[in-house]
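Participant: Below are the chains, spelled out letter by letter.
2 protein chains.
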Amino acid sequence: MSVPKILELYRGTIEQGLEEALRDPSTGGAPSPLYPILRYHVGLCDEDGKRVKALGKMLRPSLLLFTAHELGGEIDRALPAAIGLELVHNFSLIHDDIQDQDEIRRGRPTVWKLIGVAQAINAGDLMYSLAIDNALHAGADAAAAILAAATAMIEGQGLDLAFEERWVNTRSYIDMIDKKTGALIRCAFRTAGITSGAREETLATLSSLGEELGRAFQIRDDLLGVWGNGDVTGKPKGSDIKRKKKSFPVSLAMQQADEGGRSILERVYAQERISDGDVERVIDLMDSLNVKESVGEAVEQHLRTAREHLDRLPISEEGREMMNELIAYLARREK
Amino acid sequence: MSVPKILELYRGTIEQGLEEALRDPSTGGAPSPLYPILRYHVGLCDEDGKRVKALGKMLRPSLLLFTAHELGGEIDRALPAAIGLELVHNFSLIHDDIQDQDEIRRGRPTVWKLIGVAQAINAGDLMYSLAIDNALHAGADAAAAILAAATAMIEGQGLDLAFEERWVNTRSYIDMIDKKTGALIRCAFRTAGITSGAREETLATLSSLGEELGRAFQIRDDLLGVWGNGDVTGKPKGSDIKRKKKSFPVSLAMQQADEGGRSILERVYAQERISDGDVERVIDLMDSLNVKESVGEAVEQHLRTAREHLDRLPISEEGREMMNELIAYLARREK
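Going down the list, the protein sequences come from chains B and P.
The opening position of the first sequence corresponds to residue 891 in my numbering, with each subsequent residue numbered one higher.
The opening position of the second sequence corresponds to residue 891 in my numbering, with each subsequent residue numbered one higher.
One chain only, chain B, in its complex shape (with noise of 0.2 angstroms):
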């Protein structure tokens, strides 16, 4: 599957504004060992601090430069915006890794495994206020639409490790991923629209946009968290069941079960570590119960409703086209 080409119209601007914002601005003293591994984690170097192909796809400060030039503003009043929110975005990763223990993100060790739990905690707080700080250039309006984006994601983040330990139902997991993915990519758009002088009304619809399409890309997320083709995921099968992540299937699935069932969930959850055959075990029960296309049913109605803000949208045609090309992208996307 190629690329959309929204991801790839402004990857130069986006790189070369991340290598400025995380050059070390200290010119005397001690210079900090935390700069050179944010340009690491970001995909700018390698361990040895050689340049790389960048890495991620980008898709929060794609999405912001992309809306802002279509709804008429401009790329440099924006670009601020982008890095901070594109910084929020990997402060996050930083931190998630250490909480979850992956060793492995974009095909490289993840920072806590090269310096160290403590010293990445650091690391991650470092991004944040860089984030912050690039944020503040975008003006007051923006700056505070991205804070306020980057605190829901971490109360987000905060569900996500309290429902680990009890069952949610779908409602309230729609309320963690509205916070702990939505919020970002819905300030993504809102953003574009703040740099831009857009009215409330094109706010209203951008946000709204913007919430149905972070909905669709966590579900599709959950999605492959339990049905992925490990060798392009970089998970193996059934990864999210694991871990114990109360993501969306196995909300569907414990609300869906009949006694039975449920009582499956339960034991094999309740458990401290859950066993290959106990993933097993649970996603035939999610088989039997036709969970996966349930999921995939309601990945394509929020794109739908994201559709149909989008066309309220006041760009061009070809825009509006090119959204729709990511649209279908993100609805089909293995990893």
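Accuracy of the hints is not assured; some may be wrong.
If several chains are the same, the list does not tell them apart, and a pair holds so long as it fits within one copy or across any two.
[To be verified] Here are the simulated lysine-lysine pairs, DSS-like style, with alpha carbons at most 30 angstroms apart: (1) K1134 x K1003; (2) K1135 x K1003; (3) K895 x K1225.
By construction, these hints were calculated from the structure, which means they are not laboratory data.
Starting from the known structure of chain B, fit chain P onto it as the hints suggest.
Facilitator: Showing chain P alone in chain B's frame:
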């Protein structure tokens, strides 16, 4: 030793500000598990959410509000900055306790000890978000000053951790504490000036005063980390040696020791763990070099310079006296 007036004057105002800043703003959906633990951490309540007498010295917001008032500023204008600064400090404590694996703070279990490392990382992240949100309410200049101070603090914490792996001279050490500890104290004074509309010259004096006080404060801390009374500080004697902190005393000892002394230090600090016997050996070496006296003299020297800057500030004589009382307290504090 009685508590200086400056630390008492605005205590109620600060506690109320913290209470408001740490209120969960969510109205629907699942309540965040993070807000209660933030209130616990700053000492507004106990583990069960029951109100207790707030803990901590609240040095930074007290300095900020007192100085703002003395410079003719309005407390209401300065308060969001003061709360923001105290939240930055507290965010760093939550993450520090994880990094140092400290189980007790202010006589109670640390955040990570109560809710686990993963969720404690989120708690610190959320505290930082709320800090910046408050800072933004004090205006763009104050927010930028607080963000810059927080960034420097994180860089300093990164250096502090990196220094555990190597020897540093006292100059690199001062560079590190200017960031790690000094940045927030300097920021307290400077932001007091910013929110009071002080002139550039006054802002420079405020920064210098804060820098010297910050150095004195941290070097006194380092002295207590080696020779402090464990019953008062809550940390065993020699605790900084045990955790291989390259604090001021050991950097000074390394600089002043002869070849024999240096090789003792090299050997002791090269070990995976430092025994109680080796801690005693390092303290004996320091005592033979009169390190404790030199460190005490360094504290006095920075406080003398701080008083010179204080004398140049356009504040009331009564205010100057109260600042001098605080300075004397910092020079003699036992915890």
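Participant: Are the hints correct? Go through all of them and say.
Facilitator: Okay, the hints, checked on the actual structure:
| no. | hint | in the structure |
| --- | --- | --- |
| 1 | K1134 x K1003 | both (22 angstroms within a copy, 22 angstroms between copies) |
| 2 | K1135 x K1003 | both (22 angstroms within a copy, 22 angstroms between copies) |
| 3 | K895 x K1225 | within (18 angstroms within a copy, 60 angstroms between copies) |
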